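There are 2 protein chains.
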Amino acid sequence: KRSISPSAEELTQRILQGNNTALSQAITIIESTAKKHSTTAEAIIKNCLPHANKSVRIGITGVPGVGKSSFIERFGSLLTEKGKKVAVLAVDPSSSVSKGSILGDKTRMEELVKNPNAFIRPSASGTSLGGVARKTREAIILCEAAGYEIIIIETVGVGQSETAVHSMTDFFLLLKLAGAGDELQGIKRGIMEMADAIAINKADGENLKAAKLAKTEFNRALHLYPPKDNGWIPKTLTCSALENEGIKEIWDLIENYISEAKETHYFQHHRNQQNKFWLLQTIESRLKTDFYENPTIKEALEEQIGLLNAGKATPFQAAERLLGLT
Amino acid sequence: KRSISPSAEELTQRILQGNNTALSQAITIIESTAKKHSTTAEAIIKNCLPHANKSVRIGITGVPGVGKSSFIERFGSLLTEKGKKVAVLAVDPSSSVSKGSILGDKTRMEELVKNPNAFIRPSASGTSLGGVARKTREAIILCEAAGYEIIIIETVGVGQSETAVHSMTDFFLLLKLAGAGDELQGIKRGIMEMADAIAINKADGENLKAAKLAKTEFNRALHLYPPKDNGWIPKTLTCSALENEGIKEIWDLIENYISEAKETHYFQHHRNQQNKFWLLQTIESRLKTDFYENPTIKEALEEQIGLLNAGKATPFQAAERLLGLT
Chain A
57 KRSISPSAEE
67 LTQRILQGNN
77 TALSQAITII
87 ESTAKKHSTT
97 AEAIIKNCLP
107 HANKSVRIGI
117 TGVPGVGKSS
127 FIERFGSLLT
137 EKGKKVAVLA
147 VDPSSSVSKG
157 SILGDKTRME
167 ELVKNPNAFI
177 RPSASGTSLG
187 GVARKTREAI
197 ILCEAAGYEI
207 IIIETVGVGQ
217 SETAVHSMTD
227 FFLLLKLAGA
237 GDELQGIKRG
247 IMEMADAIAI
257 NKADGENLKA
267 AKLAKTEFNR
277 ALHLYPPKDN
287 GWIPKTLTCS
297 ALENEGIKEI
307 WDLIENYISE
317 AKETHYFQHH
327 RNQQNKFWLL
337 QTIESRLKTD
347 FYENPTIKEA
357 LEEQIGLLNA
367 GKATPFQAAE
377 RLLGLT
Chain B
57 KRSISPSAEE
67 LTQRILQGNN
77 TALSQAITII
87 ESTAKKHSTT
97 AEAIIKNCLP
107 HANKSVRIGI
117 TGVPGVGKSS
127 FIERFGSLLT
137 EKGKKVAVLA
147 VDPSSSVSKG
157 SILGDKTRME
167 ELVKNPNAFI
177 RPSASGTSLG
187 GVARKTREAI
197 ILCEAAGYEI
207 IIIETVGVGQ
217 SETAVHSMTD
227 FFLLLKLAGA
237 GDELQGIKRG
247 IMEMADAIAI
257 NKADGENLKA
267 AKLAKTEFNR
277 ALHLYPPKDN
287 GWIPKTLTCS
297 ALENEGIKEI
307 WDLIENYISE
317 AKETHYFQHH
327 RNQQNKFWLL
337 QTIESRLKTD
347 FYENPTIKEA
357 LEEQIGLLNA
367 GKATPFQAAE
377 RLLGLT
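Here the protein sequences come in this chain order: A and B.
Under this note's numbering, the residues of the first sequence are numbered 57 to 382, in order.
Under this note's numbering, the residues of the second sequence are numbered 57 to 382, in order.
Next up, chain A with everything else stripped away, as it sits in the complex (with noise of 0.2 Å):
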């Protein structure tokens, strides 16, 4: 009779001949927040660790509506056609079906779900981005010790989870439509900086045009921006999920990006960034927690405050004391 609780040592073994139950299993343990869960998940992590990294990373953000669920359909099936093992993971710190995550609602990809060669997981639940954020990259640790080729990381774009996606992806791609006239948001939120391509999807029927049109505009507006740090200008191109048209020419793009960030070993340098930046965060991120959640601190802390608005201290004076409780 097999234990409910498989070990870590059995779950790894399993996950590394790329059994999918398996694979899930494991990411449930990691995305527990059950005390022995943590020991197990941490286990499993590290043995999966030295099997992981060889995978490609794709981001890919849009708004509601912007046909995302129906575009990783198309695209997902035209990866494992090509042989491809590809799995889709979500960052959405506010998770639920009805906040609208592709994820949540599988039947929108019928055919990717059905595929042996797909795995596809909803984002971890839970409200901190941080929190949610993390859980994501270490089920990528999972998936591509599982043998998952391509990742893809999808995020509605609630809150910073843009930027969560961008800082663990190797390409990140915007779908748009034509004529949102959402370019200004996506200027003041930063999304189009952090676009490697855009892509206008429903270009199809009636709205071919418009689509056109965008795509010239949208060019032109990432022209506005310098070049990334690795010399790449972010591409502008057309697709229609409904159609299935363009979606194999973002895949050609993609595909000839990866080869020549690997050539320039770009590739493993924005990796290393990438983790460094996970690493400060988290450090800065527990910092800031051991401090405000410090019993003495939260009660000077309110007192200070007390003080700053009688205007009977300065907050650098403030800053002092509270620092000197510690």
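To be clear, the hints were calculated from the coordinates, so they are not data collected in a lab.
No distinction is drawn between identical chains; accordingly, a pair holds when it is met within one copy or between any pair of copies.
Taking lysine-lysine and the DSS-like style, the derived pairs with C-alpha atoms no more than 27 Å apart in a straight line are:
1. K140 to K368
2. K332 to K344
3. K344 to K354
4. K318 to K304
5. K368 to K332
6. K91 to K368
7. K102 to K354
8. K110 to K332
9. K141 to K368
10. K318 to K102
11. K368 to K102
12. K92 to K368
All figures in this text were calculated on a predicted structure; none of them were measured in a lab.
Starting from the structure of chain A, add chain B where the hints point.
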């Protein structure tokens, strides 16, 4: 015979009497990095604090060439004519005359420099924005204690200096030129979003028509943002420092804004928020410095980054190890 280094008490007394020489000396002591000055500096700030906070603090930004110095000359002179005492400070972390800081070149503000009711002080030097901003905030306290009713904080907008100035002022004015084509730049860097008003300068002669057009365009752009949290919708105006046109209208706008903000208590609420922001900012920056400058951490950090780059640890594992060392 007068001592070369007057005591904190002496300096405070003379500051409270409105003595500009004492004010200058005290600011120099505050800006000093010499250890021997820090006790005096703290004492002066402590003594001045009960007499501070009564001014209106106005932030002014704009790219070099927009005419900030001529604008401040006219604007400041208008205020002194109205019987107000005006102090002009600057936040410029790259401070040096060659970098275009207007206050380095006082000759551009001939009238204001000679005016006994005006006090002009170049930016504190220093390469860290945090350091420069802190000194400026402390200088504000001293100027207020010396009876300055309007404090103008100017910045040329290097790095994040607009954000710093925005978070220490009650009203943030963005100076622009017609047809400069840097709208995108302003949106991208979030400066448009911070502005309480935009003034198109050099609206004179052949430039007048273009300035009026720019006014309409910036107005439209501003309406794409949600109203500020006090319900304020930023305004756009035109002015000419050269012809002394539109300057009075800008002051009228600011005066109305401030009196309304005081009526609704938003004024104090906003200053409280700013104080809290600077408090947390100072704490967090020190927590990080203390951690990263710890020699044990410095060494271990290099080691962990090595493991990360070799794919032998996750950023989260490395963070745990480093945090465990303190």
